[in-house]
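Residue-level listing of the chains:
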Amino acid sequence: MIPGYFYQPGSSRVQECTARHSGDSIAIYADDECLCESSVETLQVSAHLPGQASELTFSDGARFVPLDTGYRWPFQRRKSALLARLESNLVLIAGALVATPVLLYALLFKLVPGIAVTAVQTMPDVVVEQMGQQSMTLIERTALSPSELSAEQQQAVRDLWQDTLAQLDLSVDKYRIDVYRSDHFGANAFALPHGQVVVTDELALLLAEQPDALRAILLHEIGHVERMHSIRLASQAAVASIAIAILLGDMDIVAEVVLGSGSALMDLQFSQNMEWEADNYALAQLARLGYSGEDFAQALESLVSLDEDEEHSWLKYLSTHPSLQERIEHARTYTLSP
Amino acid sequence: MDSTSTPSAAQPGSQTVPSQLQFTGNGKEYFGIWIVNILLTLLTLGIYSAWATVRNKQYFYGHTVLDGHRFDYLATPLQILKGRLLAVGLFVIYSVVSGYFPLVGVLMALALVLLVPWMINQGLKFSMRMTRYRNIRFAFKGNFGDAMINFVVLPFFSILTLYLAMPWVLKRIDAYIHSNILYGDKPVHVQLQGKAYYKAALLVAVLGILMMMMLGVAFSLVADININPGELGAVNSGMFLIVPLYLFVISALQGIYQAQIRNHILNNAQIEDVAEFKSNLAPQRYALILATNAAAIVLTAGLAFPWAKVRKVRALAEATQVVVLPGADQVLDTAQQADSSFAEEAANVFDVDISLT
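Which chain is which? The protein sequence lines are A and B, in order.
Count along the first sequence from 1, then add 76; that gives the number in this note's numbering.
Count along the second sequence from 1, then add 1377; that gives the number in this note's numbering.
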């Protein structure tokens, strides 16, 4: 005799009743009237959840819910109780507390970048080309305007570029340089995945008297292209956002912020590593071509002095780049290692 | 006639006594469910997340008890999994395209604008249909045109008014959602007033400006002491301080706004012949709960999440009473077409906000 509620099919009517279990059949009685009878085989039993009674659903949609929230049916399959047992198993819970951060780290910092790197290696050239051109179109519309430098000043940058490409034996078809004025970027240079490098008026002016330093910066940007950094970043961002979308079934905003800042840190770390890679590429090429790492150090120092005037661009630079001081020291002490 | 057992509907004339909504779950139980869900989700590379979602919802719905009867969550893990896989597939295409082909990505984002009202409607239809109370399912009967106007056109229009029309738009959105809900064959009626939304928005705006000013002053004091030129560590430690404080303040403001709006909606809503609602959630109390929840979650690196969620849901239940009307026993479950969970999952994955809480 199990007291409970009987819910009629397709209706909001509820009756207080008792369930009588005998052999392999269940009968529901309100007072002495039998409301429903069924064999155990045709019944559906709800999942085990702590603090919730196991309800029975009859084949016509009627339901019986015991009043005792801890009640479990003797014929309830053991399998459905497995999860409930796992969820209250202290050893497993303690294990999960240790395993979860480890697994999260492995997934986000090992598996995701791994997939991203594989994706990059199989990337067709058409995609790289399109990605670069379309990004350039967007940046050009939003943040760049035509250069205000004189024709000679622009030509000086181009000559330096052609000279560098020739020394490195790089394709003149793939690699091109453009000079733009930009209030948004300040003194800056950036590379697009398909080999286009953009130098801003401010940077060209700043290093007009130090072509060697400018060359070092250009080599750094070529390093980004050669190592396919933009593509890797895009792959990582895509794979990471997919991973997070899969993992975050349903979580509250605050949990999202915690995980979100984790993935932002991850991005930051990737782009910092990429800056070091590009730096090392530039330093290696400088050494190979017979120039000195000092050129690169000086270029960076010019940027430091600029930073003191413009706190705004300083913050922007910081966000994705390693500390300038560290990079300058690294450039000064760099020796070509095999 | 069937003898009904529910205390408030059993005796005629007792319908004016409201029933208290109860939440019977507890943080300890939920912690186990939560952490095992996460573990299994990570071990199965996300596949288990569908089962986790269902178990989560079953736990919270089933522990929400009104008048002696609990709510039920009816979706099955496979439904959720299929929907989620489709949505993630679409999201993969979207993020790959917008990552590698930014211009095409912009076009896709525009196309998404057309999809949003559809996703919101289907998502609401699915959530409502999967919610049951006493063998009666909820339903949602919104249409594309109204959703387009309320979720896309009017919010865009409010930008042109420098967001001055935003509270009115939010009122329209809430009215659209709630007045299209059905309990079985009984419609929900809401009478919402723009005044309540403007009052809540104004209060939050004023409090927000005040708190940000105080935070600004506090932060500049801290920064003045700490920053040595050329030392970046100081900036970083400042950031570690400012992010939790920011979350704390934002959560508090959210609580103040949500409490007022929730009270307004529930106190002006009824299910025809079935139920009237009362909500007396105190804004300052709810703000304190949300803010301390956020702080606890951040300080414990997420471990306080189950405790925080249970605490929030319990506070919401405690502040809610339902007057069960005599018609509550005569509701019939209307036959409805089954909706897929795809749109709901797509809406979740693309971060379209359709939460009802």
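Think of the hints as simulated: they come from the structure by calculation, not from any bench.
It is possible that some hints are incorrect.
Among the chain B residues that face chain A by a calculated CB cut under 7 angstroms, a handful are [said to hold, decoys possible]:
no.	residue
1	Gly-1409
2	Gln-1435
3	Phe-1478
4	Ala-1578
5	Leu-1580
Restraint-style ranges between C-beta atoms, simulated for each label pair [as the list claims (entries may be wrong)]:
no.	chain 1	residue 1	chain 2	residue 2	range
6	B	Leu-1489	A	Arg-257	29 to 39 angstroms
7	B	Glu-1649	A	Glu-216	51 to 61 angstroms
8	B	Val-1483	A	Thr-194	42 to 52 angstroms
9	B	Glu-1649	A	Glu-117	55 to 65 angstroms
For glycine and all other residues, C-beta sits at the position ideal for the given N, C-alpha and C.
Taking the hints in turn, this is what the structure says about them:
Nearest Cβ of chain A to the Cβ of B:Gly-1409: about 4 angstroms, under the 7 angstroms cut. The hint holds. The beta carbon of B:Gln-1435 is positioned within 7 angstroms of a beta carbon in chain A (closest approach about 6 angstroms), and the interface hint is therefore held. Restraint check, B:Phe-1478 versus chain A: the minimum CB separation of about 5 angstroms is within 7 angstroms; hint holds. The criterion of a C-beta within 7 angstroms of any C-beta in chain A is not met by B:Ala-1578, whose closest approach is roughly 19 angstroms, and the hint is violated.
Given the 7 angstroms rule on beta carbons, the hint for B:Leu-1580 is violated: about 21 angstroms separates it from the nearest Cβ of chain A. For the hinted restraint 29 to 39 angstroms between B:Leu-1489 and A:Arg-257, the CB-CB distance of approximately 34 angstroms keeps it satisfied. The supplied range of 51 to 61 angstroms is met by B:Glu-1649 and A:Glu-216, whose beta-carbon atoms lie about 59 angstroms from each other. Between B:Val-1483 and A:Thr-194 the C-beta distance comes to about 28 angstroms, which lies outside the given range of 42 to 52 angstroms.
Taking 55 to 65 angstroms as the suggested C-beta distance range, the pair B:Glu-1649 and A:Glu-117 does not conform, at roughly 40 angstroms.
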